[in-house]
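Protein sequence lines correspond, in order, to chains A and B. Everything in the first sequence is counted per this note's numbering, starting at 1 for the first residue and increasing by one. Everything in the second sequence is counted per this note's numbering, starting at 1 for the first residue and increasing by one.
Think of the hints as simulated: they come from the structure by calculation, not from any bench. Be a bit skeptical, because a hint or two may be false.
20 Å max Cα-Cα, derived EDC-like pairs, lysine to aspartate or glutamate [as the list claims (entries may be wrong)]:
| # | chain 1 | residue 1 | chain 2 | residue 2 |
| --- | --- | --- | --- | --- |
| 1 | A | Lys-45 | B | Glu-140 |
| 2 | A | Lys-45 | B | Glu-91 |
| 3 | B | Lys-45 | A | Glu-143 |
| 4 | B | Lys-39 | A | Glu-143 |
| 5 | A | Lys-49 | A | Asp-29 |
| 6 | B | Lys-77 | A | Glu-140 |
| 7 | B | Lys-49 | A | Glu-102 |
Below are the chains, spelled out letter by letter.
Number of protein chains: 2
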Amino acid sequence: MPVNQTADIRTRVGANFGAIYTGPLAQLDDYKLEMPALKRTVRGKLFIKQFLGLSGMQISMNKLPAGAAVPFYHQHKENEEAYIFVGGSGEMQIDGEVFAVEEGTIVRISPAGSRTLRNNSDSDLYYICVQAKDGSLQSETLEDGIKSDAPVSWPT
Amino acid sequence: MPVNQTADIRTRVGANFGAIYTGPLAQLDDYKLEMPALKRTVRGKLFIKQFLGLSGMQISMNKLPAGAAVPFYHQHKENEEAYIFVGGSGEMQIDGEVFAVEEGTIVRISPAGSRTLRNNSDSDLYYICVQAKDGSLQSETLEDGIKSDAPVSWPT
Numbered sequence: 001m002p003v004n005q006t007a008d009i010r011t012r013v014g015a016n017f018g019a020i021y022t023g024p025l026a027q028l029d030d031y032k033l034e035m036p037a038l039k040r041t042v043r044g045k046l047f048i049k050q051f052l053g054l055s056g057m058q059i060s061m062n063k064l065p066a067g068a069a070v071p072f073y074h075q076h077k078e079n080e081e082a083y084i085f086v087g088g089s090g091e092m093q094i095d096g097e098v099f100a101v102e103e104g105t106i107v108r109i110s111p112a113g114s115r116t117l118r119n120n121s122d123s124d125l126y127y128i129c130v131q132a133k134d135g136s137l138q139s140e141t142l143e144d145g146i147k148s149d150a151p152v153s154w155p156t
Numbered sequence: 001m002p003v004n005q006t007a008d009i010r011t012r013v014g015a016n017f018g019a020i021y022t023g024p025l026a027q028l029d030d031y032k033l034e035m036p037a038l039k040r041t042v043r044g045k046l047f048i049k050q051f052l053g054l055s056g057m058q059i060s061m062n063k064l065p066a067g068a069a070v071p072f073y074h075q076h077k078e079n080e081e082a083y084i085f086v087g088g089s090g091e092m093q094i095d096g097e098v099f100a101v102e103e104g105t106i107v108r109i110s111p112a113g114s115r116t117l118r119n120n121s122d123s124d125l126y127y128i129c130v131q132a133k134d135g136s137l138q139s140e141t142l143e144d145g146i147k148s149d150a151p152v153s154w155p156t
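I would like the entire structure built from these sequences, with the hints used as guidance.
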């Protein structure tokens, strides 16, 4: 049964973190997203920022069924997007350029890129889309980390 | 054969995008990462910002083998992290709180959260880690998108 994006999927909240469980990727089309501006209800797309309290990025978890396609091109105002493909195969189109994508393909798109996506295969396509403000990352990964010297302890 | 993070995995570069192919998730441990500051060589972790030209986020693709654990706690200076688990199961520990993670679990961690991760299962654990500057997202997803009215056209 499809559930709205408002169904609570939070599993844990701490002072410095939040965690959710969306279910297996194969069940992502249980989620439906009402998009009144587009006069559409989208299945298989779940935005998770609201559940996690994300402040530097938005993330969507996506399942595009075999044979399905995003029915429009879109650009962005100020956000960079990264598409991380984690299962299946299909095609992306950016500024009129078409190329194959599959598990292990990752694509960065600047705000101005006009993009769309289709699954022209016989299997479902799974991808994660992340949005962050273009040009906003200031501190590099390894330099941003602060390693502790405390030994790691786990419950047995 | 393990390859360094400097091996070029770019597949395509356009004016408004970049694309890479990292190979199937199961082969992520082909990549090795030299970490002189930690006096370690890490297998199964690939940072992709440099290949894609990402400017608002850093992303790493990760495979943590069955029985393996991250051997230290770490915090961040200014970046928020999101861990997106896409296969297998294990445990996260944040500020001393331990909880199970598996395919479909997504965790947000504020810079101050002291975090580590282990794979205490019999299968490999796969996850994607995204860093973005804490508090930097200003434009919300749907409002940031600009939909085109042009009909979508694909080559046959």
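Do the hints match the structure? See the list:
no.: 1; hint: A:Lys-45 with B:Glu-140; verdict: holds (16 Å)
no.: 2; hint: A:Lys-45 with B:Glu-91; verdict: violated (26 Å)
no.: 3; hint: B:Lys-45 with A:Glu-143; verdict: holds (16 Å)
no.: 4; hint: B:Lys-39 with A:Glu-143; verdict: holds (15 Å)
no.: 5; hint: A:Lys-49 with A:Asp-29; verdict: holds (18 Å)
no.: 6; hint: B:Lys-77 with A:Glu-140; verdict: holds (10 Å)
no.: 7; hint: B:Lys-49 with A:Glu-102; verdict: holds (19 Å)
Hint 2 from the earlier list is the only one contradicted by this structure; the remaining hints agree with it.
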